[in-house]
Amino acid sequence: MTIFTPSIAVTRQTVIAIEQGRYSPSLETAFQIARVFQVPIDDVFRYDAPAAEN
1 MTIFTPSIAV
11 TRQTVIAIEQ
21 GRYSPSLETA
31 FQIARVFQVP
41 IDDVFRYDAP
51 AAEN
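For the sequence shown, position 26 matches number 26 in the UniProt record's numbering, and the numbering has no gaps at all.
Be a bit skeptical, because a hint or two may be false.
Pair by pair, the computed Cβ-Cβ distance ranges are [to be verified]:
1) Arg22 to Ala49: 17 to 27 Å
2) Pro50 to Ala30: 14 to 24 Å
3) Arg35 to Gln13: 14 to 24 Å
4) Glu53 to Arg12: 30 to 40 Å
5) Val39 to Gln13: 17 to 27 Å
6) Gln13 to Ala52: 27 to 37 Å
7) Val39 to Ala9: 17 to 27 Å
8) Arg12 to Ala52: 11 to 21 Å
9) Gln20 to Ala49: 29 to 39 Å
10) Ala49 to Thr29: 32 to 42 Å
11) Gln38 to Gln13: 22 to 32 Å
Hints listed in this document are in silico derivations from the structure and should not be mistaken for laboratory results.
Note that the structure is a prediction, hence the values are computed from the model and not measured.
Heads up, the beta-carbon is just placed ideally off N, CA and C, and yes, glycines get one too.
Using the sequences plus the hints, can you model the full thing?
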């Protein structure tokens with residue numbers, strides 16, 4: 001089963017894993033998802049860098 005549009009071939013399981021933070025999509029997939037929602041990629045995904053160790 002594909003979600004969003006035929007141009008983005010992601011399964012429902014992949015979408016669930018992305019939503020739960022268990023999977024990070026490729027940059028290409030991330031940009032395609034943002035394009036589907038017509039928003040900047042920063043509105044769909046964020047990166048929380050790990051805290052620096054002392």
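Cross-check of the supplied hints:
1. Arg22 to Ala49: 17 to 27 Å: Roughly 19 Å apart at Cβ, these two residues keep to the hinted range, so it holds.
2. Pro50 to Ala30: 14 to 24 Å: 19 Å, holds
3. Arg35 to Gln13: 14 to 24 Å: 22 Å, holds
4. Glu53 to Arg12: 30 to 40 Å: 38 Å, holds
5. Val39 to Gln13: 17 to 27 Å: Since the Cβ atoms of Val39 and Gln13 sit about 24 Å apart, the hinted range of 17 to 27 Å holds.
6. Gln13 to Ala52: 27 to 37 Å: 34 Å, holds
7. Val39 to Ala9: 17 to 27 Å: About 21 Å separates the Cβ atoms of Val39 and Ala9, which means 17 to 27 Å holds.
8. Arg12 to Ala52: 11 to 21 Å: About 37 Å separates the Cβ atoms of Arg12 and Ala52, which means 11 to 21 Å is violated.
9. Gln20 to Ala49: 29 to 39 Å: Once the Cβ atoms are compared, 20 Å apart, the range 29 to 39 Å for Ala49 and Gln20 is violated.
10. Ala49 to Thr29: 32 to 42 Å: This hint is violated: roughly 21 Å between Cβ atoms.
11. Gln38 to Gln13: 22 to 32 Å: 25 Å, holds
When the structure is compared with the earlier hints, violations turn up for hints 8, 9 and 10 and for no others.
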